[in-house]
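Protein chains in written order, with the numbering used here: chain A, 1 to 232; chain B, 1 to 232.
No wet-lab data here; the hints were simulated from the structure.
Note: identical chains are not told apart, hence a pair may lie in one copy or across any two.
The calculated SDA-like cross-link candidates involving lysine to any residue, where the alpha carbons are at most 20 Å apart (straight line), are:
#, residue 1, residue 2
1, Lys112, Thr137
2, Lys112, Gly138
3, Lys112, Asp81
4, Lys112, Glu228
5, Lys91, Asp31
The structure presented is a predicted model; accordingly, all values stated were derived computationally and were not measured.
The lines below spell out each chain.
Number of protein chains: 2
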Amino acid sequence: MTKGILYGVGVGPGDAELMTVKARRVIRESDVIAVPRADMGEQTALAIAADCVGDKPVLRCDMPMTRDKAARDTAHDRAADEICALLDAGKRVAFLTLGDPTIYATYWYVHKRVAARGYPTEIVPGVPSFCAAAARTGRALCMDGEPLHIIPASHGAAARGLALPGGKVLMKAGKGILDVRDALAAQGQLANAVLVERCGMEGERIVTDLAQLGDPTGYFSIILVRAEGNTD
Amino acid sequence: MTKGILYGVGVGPGDAELMTVKARRVIRESDVIAVPRADMGEQTALAIAADCVGDKPVLRCDMPMTRDKAARDTAHDRAADEICALLDAGKRVAFLTLGDPTIYATYWYVHKRVAARGYPTEIVPGVPSFCAAAARTGRALCMDGEPLHIIPASHGAAARGLALPGGKVLMKAGKGILDVRDALAAQGQLANAVLVERCGMEGERIVTDLAQLGDPTGYFSIILVRAEGNTD
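Taking the hints into account, I'd like the entire structure generated from these sequences.
Okay, structure coming up:
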């Protein structure tokens, strides 16, 4: 029997047309589609890829968004067990992730377990959400000698990261977005910033004047901050 | 007459299958394809998109890789003039860039000029080269609360950037790659690093032991450096 393979497939930022040709082919050629259960992001990944997924069986893996490491480890071990059982049966499994699978993807916890057990794996890269947000707002993320810092704002790192020279992308601010806004204001960088929510998805919103932001927003928010002196 | 439009189209990192569905459609629907003249990177962009470009007319814009700002400005103004003349004639122009158009793309100099003159423009995001390099080497770029720093190594910023906590992507090291390797060694980060050259293109090379690197490499080199303590 052919041995199965696990594909980690980036489906891009939201617009189905921003999937790569390879992502579409790999999904179509897979036997089983895997996504995390009850994770808002990955339900979206399934919707983005819907026309390639068709009526293929969908494995929903428990991947809790908790800081309890033991609980996460248990869930990730179980997801790896379920996927390895499919691979042992010769199945090709495509695990869908929003954006790119190597950038803040919970998928990676499953990937490294399955790879460590010696199963074949392949990553299919995708367009990251911050590239789509930059495109949507007509801004360059970085030019010439400028560094670009991708900062997970939900982990309290926003204020530290904002002090770095270069462009910044603040991801996963979530309900802490007003704190991030205040950190931007404190550093005099509010005028350099723009917020994009649900880029390319239904309910997309672009906020160019963050001082006017009243309500905390959801999971799919990205703040782009220009490098000082960059007017691109 | 319909007014023309300028598309900045990311064709991804090298593998034609990593183009997005949208990039392929926009190129096919365009009247003229623009690329920089005599720029190794963008000739490659034309090769990646060859089957969508077909026999469409190709505009080769002079975009010198010089630090002489006046010479660059003159060249970029002229490229913008040429493109705007096509837009005035109602043409749809697709300017191809390797990777993503918002990340270190010389295209941006033309984009901002054309946009500033009031012409319609649209950016089509693409898969950045560093996502493909991470996929190819089976590494996550960043997880959880780790920041990710994209650093243009050709501008002498490598040593400063390497001291930051989090994952790093060192781009455009070019012939300075041995200096970057020495900076990595000096900071004890050699074991965390991997080099990918010409990812997904002919002549691809992956160097996992940078201590063994003897010869300076070309333009398409990317070094990925794991965050300390990250074994993903």
